[in-house]
Structures are given as structure tokens and as C-alpha cells.
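Asks: So the sequence lines, in the order shown, correspond to chains E and V.
Numbered by my numbering, the letters in the first sequence go through residues 438 to 959 in order.
Numbered by my numbering, the letters in the second sequence go through residues 334 to 690 in order.
No lab work stands behind these hints: they were computed from the structure.
Predicted, not measured: the structure shown is a model, and the values here were computed from it.
Accuracy of the hints is not assured; some may be wrong.
Unchecked claim - Some, not all, of what chain E presents toward chain V, calculated at C-beta under 10 Å: (1) V509; (2) R548; (3) A559; (4) G752; (5) A754; (6) H758.
As the list claims (entries may be wrong) - The calculated lysine to aspartate or glutamate pairs, modelled on DMTMM-like cross-linking and capped at a C-alpha distance of 25 Å, are: (7) V:K479 <-> V:D384; (8) E:K541 <-> E:E576; (9) V:K376 <-> E:E526; (10) V:K357 <-> E:D620; (11) E:K541 <-> E:D511; (12) V:K357 <-> E:E650; (13) E:K876 <-> E:D665; (14) V:K511 <-> V:E467; (15) E:K876 <-> E:D829; (16) E:K572 <-> E:D511; (17) E:K697 <-> V:E485; (18) V:K376 <-> V:D604; (19) V:K376 <-> E:E650; (20) V:K376 <-> V:E576; (21) V:K376 <-> V:E467; (22) V:K376 <-> E:D511; (23) V:K511 <-> V:E622; (24) E:K572 <-> E:D648; (25) V:K376 <-> V:E622; (26) E:K572 <-> V:D414; (27) E:K572 <-> E:D620.
Ideal Cβ positions, reconstructed from N, Cα and C, are used throughout, including at glycine.
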Amino acid sequence: MNSVRAVTRKLEAWQIGQPVPRYDTIHHAIMPPDQTMIVAFVRMAGESRPWGIAWGAAGTEPTVRSVPDGRVRDDVAVLCAAFAEDLLEHLRVHNWTFNPAPQKPELGDLRQVWLPNGQHIAMLHQLSYTYSQTKHGGENQDILRALGRVAGWMFRDTTRVGSQHVVSASSLLGDSYVFPAQDVRTAHLGFQMAWLTTQGNRDARLAAAADAEGLTVSPTMNPTLERDRLSDLVSTWQDSRRDGGDTHTPGDEIDSILSKELRRRWNLTEDAYHLMAANERPVNAGVSELVRLAHSEFWFQHQRIELRLNDPSQGPAFVAHPETDFHGSAAASRYLIHAAADEAYIGYLIHDDPALFREALDDGRAFEAHVLRVDDAGVGRSTIPRWTLRLDPSLPHRLRENARVAPYGSRGHEATIIDLETNEDDLLVTIEWTSRKTKPLAGPLMAKPADDAWVGVDVAFVQSDAASLTQRRSQRVWAASNGPGAWLTHGKASAPMEISGDDGSTDLVYDDVAQIADGVGV
Amino acid sequence: MTEVDEIRQEARRNTRGRFEQWAKNPTCEANTLSAVHNIRLDKAAAAAGIDASYGQSPFAIARGNRFEAGLFTNDAARIRDALQREGVIPAGSVGFSDLRLKINGGTRVTSVDEALRETERWLQRVAANPDSAEPIVAAPMIKIPKGVILPEALLIIDVVTVTRTVEGLPRITVGEIKVFPDRGGHTDPHQLAAARAQAGIYRHALDLAITSLALTDDIDLAPDGFLVFTWPGSNSPSIRAHEDLTYQAIRAERGFERLEEIALGVVRDDDFSADNPTLVQRVLDAPTEYAEACLSFCDLAPRCHQRALEADDPIILGGDVKRLLGAATIGRAIELLNGAEPTDDREADLQRQLVHG
């Protein structure tokens, strides 16, 4: 949203005393409750592993579990293994369910995991670091590794524009509403929900939001709570464990405190889910394409790899390094996938969202034009429709020759700008139809591009994208060992990372280069 | 007077934190006074009847201490391995000098004065005899001279390495230790920025120390530094080598100068003889400049927010709204948005932007 429009919307929200919708549609899939798992973490300050986890389907009682001391690795591993069982089943991960997700599931088969905010999503990354190649865990080692792998994929996928499996409730609310408050405060899920759900006037909502803001939603809890209530209990529990005393009493008290913290985070996220599920705005029609892409990503980036890890005859597999792609080809390929997703995202949504279209108009990424002439540049039986358009030259635009545009509301149709001509009063643009040129446009006439009936009609266009081309490049880069940039995309192997534990044990974390190029198994 | 002396002592030690606090909103006089006089904002907030900030978790403090201590045990074996792996020091390097105070886990230095003397001797020794330099030095302590307004300051550098340039000069490289998990490209950018800024202050301070000892021709101070984070879920160090600190050191140098200049304008002559409650009150009475950034560090932010709310100041809707509306209140902007007649060109321009984008 451009800055002036954002300011105007904030003023409007302030005037009516409540958040206002940012767009006319919801830009994210919202699945039924039984396909929506809600997860919340708490962790001990300074630590990376969870101290407690709450998880469960929306509309049900969550499982809430914690350990007495978040620094005790073996206890945390048991906690995480229990969580992993349900998470892997929920996401239908191969080898951990009787009903694994196929390569091309129905659009309605999407399984989502909702978390309170980005800091909880970062916990998925921490789980990936901790478990994806762990040598510990005893009988739980396999499931912990599976948890590390799926958590790593979930985290990585959230960085892809338009991802659908993992939802940050706070980000989704921020994308869906404009709040009459400072941006830095509206990142807080409790603050957002208080603005959205409190009854009464602006003052009542403002007061409720300020109160809610005082309660942390992050996995790291309020230091006062840790200092005043938990610190002594943890010390007592540690002393009792060392001396063979009663560990149940302090352990239960710790669990009681952590459960309350976890439930509050989980409930807030569930409330956000219900608010979005019951939203009066429809989900954008373009989201179905995003879901299709999300299914494809899950299959190729996780499910197929799980299949191969369990059955090497299915093909080679490697476990992604939690830090980055060390293998040049893998990195280049993933970069292009993300670039394609970024290019395509607005294109999928804009045709079904007038507010998004207006925003694009303001930014010059869309334009409205009057059709002056319709020609056919085709030879023989071929049809190549050409339109000459007149635009208001005073309005912002980013037009250039060879740019590709699509008629607003008719995704799939595409034209290329072949000429730009300006005079004092007009900007004349000639476009040549290149895709679906013999199919009728969705509006406003429902006529084919070559139809003369378009003359004199006002038609809106949006920028088109080259996402499909970028997507193809992501596959070709693997084979481009002699092409330009091969020094970068076909690099050499690096050394494994050695991680020492406090108990003197050592883990070697192998990157993808070692696995792909050197055949190292993990 | 005892209390005033204690405050001064504390002020000497807390320079880095106060400088960073000031830099977050340098236009706020209350913030400047707080930084110059080392008046903690949570104490000022408490005096104003505002709930103080959360402080630090004991678990976080314990984790930090455990991590830092672990790096330097066994002749700094853990950090040495990591530094060698990342090429910060050559493979096979031996030697470790521990200048940490005993109360901070050191083995022999007992007082601040001794630490300052030891650091000075170490720099002179390294300059005179580069071969005698240990490749890893923990916690050298630097004193920044007193300014006109700012008190003299002590800075304890987490760790430095000593290597050799191709010309044979000893090269000192500054390191900053943080318990933050290093998650590669996903590492929290705010944590990274904070660590780099702090390393830049250290580099600036070390530069001052080397200059004051007239050792600039004998010691090469590396323009880059290294950050020591943790590998997530473990106490293994994760080294980020070759962090360019040039800009951060310049920022520190200019920042201290600017803080001194601003302090000259806002500090009263009798401030330095005032007791703590008086200084707290002066911070509370000083003019403020509320900004969105205040929410991240200032315990007085709720008070400023309430004042802005009562004044119908657009800052309560964010910095972007404040920048566009300028001196106009929220109420007036809404009137313009709803078609009110502008009273001047500025309002007419604002109305055009709000209505037409």
C-alpha cells in the first residue's frame, strides 16, 4: 500500500474508531478448523529450544505440555517428539501417517499451521537447527529428525511470497486490516485482536489494546515472570533432581505457569483464526492458484524428499542445511523459485480485488485506457489482434515498449506493448495480443480481442509478469554447468559444521553440497 | 555526596549503553539528559508513576555468562577453534591473555585501575615486540577521556585478536560477543545491527587509546571486526568474520561529538552537583520529542504517548502519518479529508494528497 493511501486509511480508521479492511478480499486461504492446527511456543530466555508447546486443531482443546527446565535437552526432546507426532500427521508427511499427501492433492486438502507471530515461526527454524541432523534423542531420534526437517521446510516456505501452509496470525491481520495506530505496535497480536474485537467506541478499543499490549505474545516470556516466579522454582527443581528430592511439586508449579502462558498465546491465535474464517470479505479467487503452488512446493521440497529418504530407490535426496543453501545450483534454483513466486503474487490476486487494483493504479502498475482502434496484424489464417489505446498522460504509469500487460479481470489474456507515442494531450499505446488472443475477455464486453466492438470502450490493464519463465529457469540452472555464472552455481564442497554440546558430545551438520556432490548420508 | 560519586562511577562504566540509548532518539532532551547523567529511564518512569520496564531475565543473564565463560576456559580453546576455522587467526596459534576482572570470571586482574594499566602495558608491549603478542586477548579495558559535559568513560572490549600484517606490524581486530543465535541469513537484523554498532564503538575507543599512547605507527587497527554468536541450541560459538566496522566507528566518533554538543545546550551548570532525585526530576521536566522508536527503549513512552493523544498529535498513528501531516492535527486532517475548506496553501496541498493520493 503506498504511503499516502496508507495514511488516508489510518485517518479513516481513527475517525470511525476501529480498524478498516486493507483490501476488498482476503489474500490467504482459510481452511476449515479440522485442517487448521494452531501452535504456540514458550522458551526460556536466552535458549533456542522450546520450554513448552501448545498445539491442537482450531475449535478443540489443545494439548499443552512443558518441561520443568527448558535447558535439559533430553526432556525437551521428549516434548518435541510428542509434538512431532501430531504435526507430522496433520501435515500428512510421508512415513508418519497412513494418509500421506499425494503429489497433486485437491485444493481443499490444504493443511495449515497457524502461529501467533513471526517469532513463533522463527522457533520452527530453531527446531530445524536442533533436530534436522541430530545424533541424539535415542528411540525418538527418527521422529525428531523428521520434525527438524519439516520445521525447516515450514520456516523456509514462509519466506516464499504467497505461501499457504504456515500462517502468522499477526501478519495476516496486518495484511488484512489497517489499524489506527503506530505500525510498531500493530505487530502485537493481542493489540490487534483488542482493536478488532472490543465492543464500544474508539476510547474503549484504544484502552483495551493498550492493556493487551502489556502481555507478551512472543515465545520469550516477560522477564518479570521468569525472575519473580519461575527462577526459584527451576532452581528448586534442579536441586531436588540432583539430591533425589521431590521434583513433582516444583515441576507441577512450573507447568501450571507455563500452561497459562501457552494457553493465552494459543487462544489469541485461535481467536484470530475464527475472526478471519468468519470474515465478511471473500477469499480472493486468485488464492486457489497460490494453494496449487503451495501444494507443489510441499511435494517437491519436502514430501518427495521424505519419500526418497525412506526409499532410496525413488531417487536421490538431501536434507536441507538449516542455515542456507551451500550448493550453488540448489541456491540458484531456490532463488529463482522465490523470484517467480514474488513476480506472480500480485498477478494472481489483483484481478479479483478492486482495492488492490486501485492501489496499482496509484503506483502506475496499472492503467485505464480508451480503445481507439482494433486491427489484425495476422497473415493468412492467423490472427494477431492489435489495439491502439489512448491514456491520460497526466496519470502515473510505468509503461515501456515490450512490457507485457493483462486486461484487468481476465488473467491469462496477455498483450505486449509494441509502440508508445506521446503528444500534448494524449499518450497513445499500441498493444499486440499474445496469449488467449482468440478467447473472449471476461469483461466488459465478453468479446474476443479481435472484435471491432472494443472500439470506443474503456478497458483497464495491469502489469503482467514473467513468473512462468523464471520458474522454468529454476529447473534449467541445475544443468547449466558450462553456462555463464557456473563458477557460482556449480561451486565446490564445503566442510561440515562441527557443533559441540556442553556435555562434550559433538555433532557434525552436513550441508547440501556434501550430500549432493559427495554422497554423504546424514 | 556519596550517592553522587556512586552515580559518577556507574556512569563511567555504562557509556556504551547510554550512548546507544541516546542514539535511538537524539532529538529528545529528556533522553539526552538521561544519557548524559546516567539516569535510568525505568527509574524516571517509576518516579512518574509509570510501570517500569521488564528488565532482564535471570535465565538470559545466566546463559550469557555461561556462554562467555565457556569461550575462554582451557586457554580459550573453544573460541580459538572457531576463530581458526573462520580464518580470523592462523591455524596453530597459541597464547591467550586474560584481562578480565576477577569478578567477571578473570583469573588475575582485581580492579578497574589494574585492568586499565594492564591494557596500556599490553598495547605498548605488542607495539614494541609483536612476537610477544598473544593472538587472543579477553576484555582489554579502555578509558575515553572526559569531555566538557560527558564524564570519562570506561569500555571493556569483549575480545580482540592480534595477527600480523604483511609488513609485519601487529594488527588488532575487535570482536563482539553476543549470546544471540546465529541463524545465517535469517539472524535477527536488529540484533546484528546492535552487535555491529557496539563493535564500532569499541573500535573507535581502541583507536583513541592507540593514538593517545602514540602507537599509531606501530599498531595496525583492523577496519573490520568479528562477531561471536551462538550456534542455535548449543553453546558452540558461531563466528561472523570480516564485519566492516568503518562506518560504525565513524558513527561512534561523530555520535560522541554530537552528544557532547547537544548536552552543552541542555545540561545545567548545577546538574553535576545535583543529587539523584533532582536529576530524575530534571529528566521528567525536560521537553520531549516522541517518536515511534521510543516504544522500543524508553519507559517514559506511555507518558509521551498520552500527551500526544491529548494534543491530537499525528505521531500516535505513526511516523509516516506525522511526516505527511506535519503540524496539522489528526482532527484537522480528517476535516480536510472530509472536504473542509483549507485555510492556507499547506492545507490545500495536504487535502489534495489525502483525497487524490
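Asks: Hint by hint, say whether it matches the structure.
Replies: Now the hints, each set against the structure:
A least Cβ separation of about 13 Å between V509 of chain E and chain V goes past the 10 Å threshold, and the interface hint is therefore violated. With a least beta-carbon distance of about 24 Å to chain V, the hint placing R548 of chain E at the interface is violated under the 10 Å criterion. Contact between A559 of chain E and chain V, as hinted, is supported at the beta carbon level, the nearest pair being about 7 Å apart and thus within 10 Å. For G752 of chain E, the interface hint is violated, since its Cβ never comes within 10 Å of a Cβ in chain V; the closest pair sits about 27 Å apart.
Because the beta carbon of A754 of chain E sits about 22 Å from the nearest beta carbon in chain V, more than 10 Å, this interface hint is broken. At about 9 Å, the closest approach between the beta carbon of H758 of chain E and any beta carbon in chain V falls short of 10 Å, and the interface hint on this residue holds. Only pairs whose Cα atoms come within 25 Å are accepted, and K479 of chain V paired with D384 of chain V is rejected, the gap being roughly 34 Å. Between K541 of chain E and E576 of chain E the alpha-carbon distance is near 33 Å, which puts this suggested pair outside the 25 Å criterion.
With a C-alpha separation of about 51 Å, the suggested pair K376 of chain V and E526 of chain E falls outside the 25 Å cut-off, and the hint is violated. As the CA atoms of K357 of chain V and D620 of chain E are separated by approximately 17 Å, the hinted pair is consistent with the 25 Å bound. About 38 Å separates the Cα atoms of K541 of chain E and D511 of chain E, which puts this hinted pair outside 25 Å; it is violated. Of the supplied pair hints, the one linking K357 of chain V and E650 of chain E holds, its CA atoms being roughly 22 Å apart against a limit of 25 Å.
At roughly 70 Å between alpha-carbon atoms, K876 of chain E and D665 of chain E are farther apart than 25 Å, so this suggested pair is violated. Using a Cα cut-off of 25 Å, the hinted pair K511 of chain V and E467 of chain V holds, with the two alpha carbons roughly 22 Å apart. In summary, the hint linking K876 of chain E to D829 of chain E is not supported, as the alpha carbons are separated by about 28 Å, beyond the 25 Å threshold. For the hint linking K572 of chain E to D511 of chain E, the alpha-carbon distance of about 12 Å falls within 25 Å, and the restraint holds.
With a C-alpha separation of about 47 Å, the suggested pair K697 of chain E and E485 of chain V falls outside the 25 Å cut-off, and the hint is violated. Only pairs whose Cα atoms come within 25 Å are accepted, and K376 of chain V paired with D604 of chain V is accepted, the gap being roughly 17 Å. With a C-alpha separation of about 21 Å, the suggested pairing of K376 of chain V with E650 of chain E holds against the 25 Å cut-off. For the hint pairing K376 of chain V with E576 of chain V, the CA-to-CA distance comes to about 36 Å; that exceeds 25 Å, so the pair is violated.
For the proposed pair K376 of chain V and E467 of chain V, the alpha carbon gap of about 43 Å is over 25 Å, so the pair is violated. Note on K376 of chain V and D511 of chain E: the hinted pairing is violated, with a Cα-Cα distance of about 41 Å set against a maximum of 25 Å. Distance hint between K511 of chain V and E622 of chain V is unfulfilled; the C-alpha atoms sit about 31 Å from each other, more than 25 Å. Distance restraint check for K572 of chain E and D648 of chain E: the Cα-Cα separation of roughly 45 Å exceeds the 25 Å cut-off, and the hinted pair is therefore not satisfied.
Restraint check for K376 of chain V and E622 of chain V: satisfied, since their Cα atoms lie roughly 19 Å apart, inside the 25 Å limit. Distance hint between K572 of chain E and D414 of chain V is fulfilled; the C-alpha atoms sit about 22 Å from each other, no more than 25 Å. Annotation: proposed proximity of K572 of chain E to D620 of chain E is violated, straight-line Cα distance about 43 Å (limit 25 Å).
Violation of the numbered hints given earlier is confined to hints 1, 2, 4, 5, 7, 8, 9, 11, 13, 15, 17, 20, 21, 22, 23, 24 and 27; the remaining hints are satisfied by the structure.
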